[in-house]
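Here the sequence shown stands for residues 250 to 577, numbered as in the numbering used here.
By construction, these hints were calculated from the structure, which means they are not laboratory data. Glycine is no exception: its CB is placed at the ideal position from the N, C-alpha and C atoms. Incorrect hints may have been included.
As the list claims (entries may be wrong) - Derived DEER-like restraints, expressed as beta-carbon distance ranges:
| no. | residue 1 | residue 2 | range |
| --- | --- | --- | --- |
| 1 | Glu451 | Asp516 | 27 to 35 Å |
| 2 | Gln557 | Ser430 | 19 to 27 Å |
| 3 | Glu454 | Ala351 | 37 to 45 Å |
| 4 | Gln403 | Arg571 | 46 to 54 Å |
| 5 | His316 | Thr372 | 40 to 48 Å |
| 6 | Gln348 | Phe428 | 21 to 29 Å |
| 7 | Asp516 | Arg394 | 33 to 41 Å |
| 8 | Ser430 | Gln350 | 28 to 36 Å |
| 9 | Glu387 | Pro488 | 18 to 26 Å |
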Amino acid sequence: MEHKTVTRLLYLALTGAATGFGYYLGGVQGLLLLPLCLGFWGLAEWNAARTDRELAQLSQTLNRILHGEEHLGVEEYSEGELGILRSEIHKMTVRLREQQQALQADKVYLANSLADLSHQLRTPLTSMNLVAELLYKEDLTPQRRAKLCRELYQLLSQMDWLVTTLLKLSKLEAGTIPFRSDTVPLEEVVRQAAAPFLIPMELREQTFSVDCSGSFTGDVHWTAEAVGNLIKNAMEHTPAGGSITVRGRENALFCELVVEDTGPGIDPQDLPHLFERFYRGSSRTSHGFGIGLSLTQRIVTGQGGTIQARNRTPQGAQFVLRFYKGTV
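Take the sequences, apply the hints, and build the full model.
Below is the structure:
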């Protein structure tokens with residue numbers, strides 16, 4: 250306020266000095282400087298008043314931002330330095346709102362993940378508790394005790410797999426795992442992927458065949474784990490005596506791996522949700538925790554690839570992985 254008073258007094262002093270000087274030089278004609286000076290003074294006052302109004306509006310805008318208002322009218326912005334400042338404040342507000350929404354989404358995602366994890370662990374923990382109570386009985390036969398111990402070991406293995414897979418999935422989603430870029434034969438990727446399941450498939454009397462040609466460029470370790478999850482999924486849903494086939498090819502655009510089986514196939518209503526974390530549908534995802542396919546998708550898409558699931562004719566499921574060249 251004091252600054253404005255000093256400015257007005259300075260304008261008055263300059264106006265009086267200019268008028269007196271003009272009168273001294275040109276007599277009455279010099280008095281014509283008076284309305285001209287007053288005009289400039291009025292223009293300056295009007296401009297100052299407009300600046301005050303814009304500053305007041307800007308202050309209100311900042312106050313609305315501090316109180317959490319999200320919708321600020323861009324149409325209110327004028328030209329000039331204050332208009333630029335308003336525009337920058339609007340951009341900042343939009344950015345802060347996006348960050349707030351992202352943080353809120355992360356909180357919801359974390360809460361849902363913890364709820365899902367709690368739900369998934371509850372079943373094996375309950376079963377382990379029941380098995381432990383049965384093992385305390387003194388009248389158990391050695392055969393029954395051995396069977397319960399095997400069940401307990403299986404439940405522990407399931408929980409270990411779940412926790413390990415969740416840790417891997419979390420690291421992939423956080424982007425903390427860098428993918429390597431090595432070039433190896435496609436058959437080598439499939440060999441690493443299938444190694445842990447060869448004996449279980451043999452015990453199930455399932456036929457496993459590989460038909461691969463060409464090479465693969467990407468992270469061999471993680472890709473083998475992704476393909477291994479698909480082989481494991483096919484093994485668990487293919488009846489005894491069925492077959493599991495992995496085919497691979499390479500062309501100028503992409504490298505493709507296809508995992509297919511002769512199981513019952515995938516329920517059409519499950520297809521859109523097949524890669525969702527903890528999704529357990531009516532058919533193929535009814536066993537296990539419904540997380541292996543989600544991990545597979547993260548590994549594939551993290552290397553710029555794609556994965557599709559579909560049913561075969563006359564029966565069975567088919568998963569198609571494509572890794573496009575130049576994206577890894």
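Hints, verified against the model:
1. Taking 27 to 35 Å as the suggested C-beta distance range, the pair glutamate 451 and aspartate 516 conforms, at roughly 29 Å.
2. In this structure, glutamine 557 and serine 430 meet the distance hint of 19 to 27 Å, their C-beta atoms being roughly 23 Å apart.
3. Between glutamate 454 and alanine 351 the beta carbons are some 51 Å apart, a value that contradicts the proposed interval 37 to 45 Å.
4. Here the CB-CB span from glutamine 403 to arginine 571 is close to 35 Å, at odds with the stated 46 to 54 Å.
5. The given range of 40 to 48 Å is respected by histidine 316 and threonine 372, whose C-beta atoms sit roughly 47 Å from each other.
6. For the hinted restraint 21 to 29 Å between glutamine 348 and phenylalanine 428, the CB-CB distance of approximately 27 Å keeps it satisfied.
7. A hinted range of 33 to 41 Å holds for the C-beta pair aspartate 516 and arginine 394, which are about 39 Å apart.
8. At roughly 34 Å, the beta carbons of serine 430 and glutamine 350 sit within the given window of 28 to 36 Å.
9. Our hint of 18 to 26 Å for glutamate 387 and proline 488 is violated, since their Cβ atoms are close to 40 Å apart.
Violated hints, listed in ascending order, are 3, 4, 9; each of the other numbered hints is respected by the structure.
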